[in-house]
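Novice: Start counting the sequence shown at 197; every next residue gets the next number (the working numbering).
Just so you know, these hints were derived from the structure itself, not from any lab.
Among the hints, a few may not be true.
Distance condition first, Cα-Cα at most 30 Å in a straight line; then the derived DSS-like pairs of lysine-lysine [as the list claims (entries may be wrong)]:
1) K763 <-> K801
2) K543 <-> K587
3) K421 <-> K752
4) K436 <-> K256
5) K436 <-> K416
6) K630 <-> K421
7) K256 <-> K908
8) K611 <-> K531
9) K642 <-> K630
10) K642 <-> K706
11) K642 <-> K752
12) K528 <-> K543
13) K766 <-> K808
14) K637 <-> K436
15) K763 <-> K421
16) K766 <-> K861
17) K801 <-> K686
18) K276 <-> K630
19) K705 <-> K568
20) K550 <-> K587
21) K686 <-> K752
22) K587 <-> K706
23) K236 <-> K763
24) K706 <-> K763
25) K705 <-> K416
26) K801 <-> K752
27) K416 <-> K816
28) K230 <-> K568
29) K531 <-> K543
30) K276 <-> K686
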Amino acid sequence: MNKAVLGAIIAAMAVLGFLLAPISLQNVDAARLKRSIETKQLTSEPHAWLVGHESHQAVKVLPLQDNVVYSGRLTFTADKNVDIVILHPKDTFAAGTRVTGQNELAGKEFDAEIYRSVGTSGTWVFNNALQVELHTTNGEAFNATVTVYYQARAVTGELPQPQVEMPRTIVVSEFVPWFVPSALQIEPGTAVQWDASEAASVHTITVVTRITDLQLNMDKEYTAKTLAILNPGDRSQVWKPDAGVYVYVCAIHPYMVGVISVGVPYNAITQDNDPSNDITTQKFASWIWGPGPWERPASILPPPSTPGVGEVWIDAQFDSMKDKYLGNMLGKFAKPWPGSINVIDAKTWQRVAKIGQGLNNPHNLWESADGKFVVQTNWHDNYLTVIDAEKHEIFKNYITTGMDPAHIAVTPDNKWVVTGINAGSEFQVFDASKMFDPNVKPEDIKPAFSIRASVPLAGPHGFWLTPDGLIAGPYHMANHIAVLSLNERKEMHRPINPAQLDDPAAPGKKLGAGIPIASYIGPEINGHRYWVTAFVMLEQDRLLQGRLLIYDIGEKVGGPSNPTLVKVLKVNGTPIQSPISPDGRYVVSANSGGLFVIDDEKHAKAAITVVKLDYEDPSKTDVALVIPGYSGTHGVSYGYKEGGGLYAYVTAKFAPVLRVIDVEKIEEAIEKNDPMIAVAGDVDLGDSWGGMGVIAIPNANWYPTLDENPAKGRFQ
């Protein structure tokens with residue numbers, strides 16, 4: 197080997213040595229340091245890990261790990277005024293407060309760096325931290341979104357390496373049963389993960405209750421918590437639940453229900469050697485639902501003997517139409533998304549059309565002012581559909597909105613179309629003339645403007661638009677309610693938090709956690725104007741009980757900028773749509789029913805609750821009638837009865853039946869204490885499951901008589 201070659205080899209080895217040294221140091225560094233950026237949706241829990249803090253609420257932004265300290269900064273928004281708490285190693289932060297751990301932190305002491313009431317948003321820096329928390333001392337639960345930029349450093353040696361294990365995966369879908377598998381049996385310590393790669397909309401994983409033992413007792417101290425908010429394509433972080441039976445839902449689409457049994461036999465769901473006397477069958481069978489062949493119950497009534505006026509359009513959201521699965525009616529991404537619209541001739545009570553092309557879980561609909569078009573939301577997606585009401589055909593489709601548009605309305609002058617973005621914090625408003633113009637392409641239609649909620653992740657669901665431009669806004673995801681102005685494009689007052697209201701049905705308690713699912717405003721009469729919100733309880737001792745929150749926003753109390761509480765009424769479990777009749781006499785409330793026997797059998801069952809409104813003495817407003825309903829009673833809308841008067845059309849999610857209430861016979865039913873007097877009849881929808889939104893054409897929700905309705909022409 198000549199000297200030149202040898203020199204080259206030596207030089208190359210020297211260069212390689214210089215390269216390998218920093219690579220080796222980087223490997224050592226990587227074993228001791230981790231730099232990361234994470235965004236988390238967090239829900240507080242009782243601060244049980246520090247002595248004396250048991251009544252507080254907190255979230256762990258960065259949790260304690262053995263041999264690890266953190267440095268970095270966090271940016272947060274929260275729905276409550278929070279504290280920042282940074283736990284340091286003992287005797288390393290002289291200005292701190294000495295605190296003692298318990299439960300998972302038992303035997304440890306820390307120096308706590310605490311900053312009180314820093315607000316509902318901000319940015320904070322931390323150094324040499326063992327754990328970083330957001331915290332409140334008043335015991336009220338809170339939600340927060342946190343982005344944290346941090347370095348985790350091993351105090352000695354290397355960072356702990358996470359054990360790699362394959363989690364049990366639950367697929368999130370837009371099709372029944374939505375979570376696959378919908379029931380999962382695992383051992384304690386098993387990791388669970390949700391996969392939304394097949395989803396087309398935003399979903400949450402929200403655990404609503406925990407069963408603690410073989411006697412199926414509920415954990416009364418459990419607080420509902422959201423584990424994940426999943427966009428299409430997301431995977432959740434893994435969850436390792438403690439022993440118990442957990443019932444979880446998508447909080448945006450709360451009929452999406454799953455059960456995870458951790459170390460507790462759960463034969464009613466798994467069907468493994470299920471004995472006929474297994475008490476879980478009675479207790480939990482109704483949690484897991486799926487459509488099947490419709491067996492007409494003996495209680496189903498014939499259709500009403502008096503015809504209605506026009507047509508009744510019903511969203512059958514779970515309908516799995518045969519033509520879709522044969523490939524004849526595929527939607528976005530060439531998939532047979534579920535759902536149809538059933539059009540019923542109110543004269544004959546027969547179905548005259550079934551519209552399914554290009555729909556994805558159609559949830560709510562409204563007619564144009566002239567009755568020529570119907571605008572439809574696709575709740576498990578991000579678009580609106582316009583339908584020619586006379587031809588019963590899709591007129592325009594795939595008008596893009598924010599994620600998960602739920603409810604919709606068209607202004608009485610045909611100027612605006614309004615929809616609430618259930619996975620966001622806004623109402624999007626579109627130019628109706630572009631919607632109904634055949635020369636404007638769907639992709640060219642964008643929101644003209646938005647009205648934003650002032651609370652984060654508000655999730656407006658069942659809103660109500662009045663002819664004079666008020667919007668009753670239920671902030672479903674944030675547990676707040678507000679009245680907004682379409683004309684002024686803003687909230688009329690500071691949003692109200694129902695959690696802080698007294699619950700007259702549970703003396704000494706607040707309403708607490710819950711879902712304000714739908715909200716309505718009626719006409720002004722005698723200086724009073726009622727604003728009614730359906731509220732579903734999530735407190736463990738009143739889980740799924742129903743309340744109607746009734747406010748006065750009439751002239752006598754200062755108008756919509758000054759809502760005045762009239763009453764909180766107890767109604768049957770899980771109240772949903774609860775509109776005020778156009779003449780202001782009644783609230784007809786659809787109650788899906790409690791999935792547990794809440795306090796007695798009456799309040800657990802699906803029902804149609806009628807509240808009689810009093811405009812002389814608002815305090816006399818009260819429940820007047822409870823009419824039996826079908827499983828999953830959900831939607832309510834008013835239509836005209838031939839010869840005069842009103843019908844209330846009521847849908848059901850878990851029974852393909854439309855129940856028709858004769859509004860003119862409610863008083864007689866009250867006087868004779870016979871609810872069935874008010875039931876005009878039932879309309880069998882065959883295989884069309886998932887009854888949600890419903891509207892009559894012409895629509896009587898705003899106009900007490902047909903003569904007042906501008907869309908009357910087609911059906912006179």
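Novice: Can the restraint linking K587 and K706 be considered satisfied, given a maximum Cα separation of 30 Å?
Specialist: Violated - the C-alpha atoms of K706 and K587 are around 51 Å apart, more than 30 Å.
Novice: Below or equal to 30 Å on CA atoms is what counts here, so check K276 against K686.
Specialist: holds, 22 Å
Novice: When you check the alpha-carbon spacing of K528 and K543, does it fall within 30 Å?
Specialist: violated, 35 Å
Novice: Is it true that the CA of K642 sits at most 30 Å from the CA of K752?
Specialist: At roughly 40 Å apart (the allowed maximum being 30 Å), K752 and K642 break the hint.
Novice: Is the straight-line distance between the alpha-carbon of K766 and that of K861 30 Å or less?
Specialist: holds, 23 Å
Novice: Would you check the hint for K531 and K543, treating anything up to 30 Å between C-alpha atoms as holding?
Specialist: violated, 35 Å
Novice: Starting from K642, check that the Cα of K630 is at most 30 Å away, please.
Specialist: holds, 9 Å
Novice: Does K568 sit within 30 Å of K705, going by the straight-line distance between their CA atoms?
Specialist: Violated: K705 and K568 sit about 49 Å apart, past 30 Å.
Novice: Taking 30 Å as the top limit, are the C-alpha atoms of K801 and K752 close enough?
Specialist: violated, 37 Å
Novice: Assess, step by step, whether the Cα of K436 is no farther than 30 Å from the Cα of K256, and give holds or violated.
Specialist: Since the Cα atoms of K436 and K256 sit roughly 16 Å apart, the hinted pair holds (cutoff 30 Å).
Novice: With a cut-off of 30 Å on the C-alpha distance, tell me whether K256 and K908 pass.
Specialist: violated, 59 Å
Novice: Would the hint linking K416 and K816 be met if the CA-CA limit is 30 Å?
Specialist: Since the Cα atoms of K416 and K816 sit roughly 34 Å apart, the hinted pair is violated (cutoff 30 Å).
Hints 3, 6, 7, 8, 10, 11, 12, 14, 17, 18, 19, 22, 23, 26, 27, 28 and 29, counting from the list given before, are not met by this structure.
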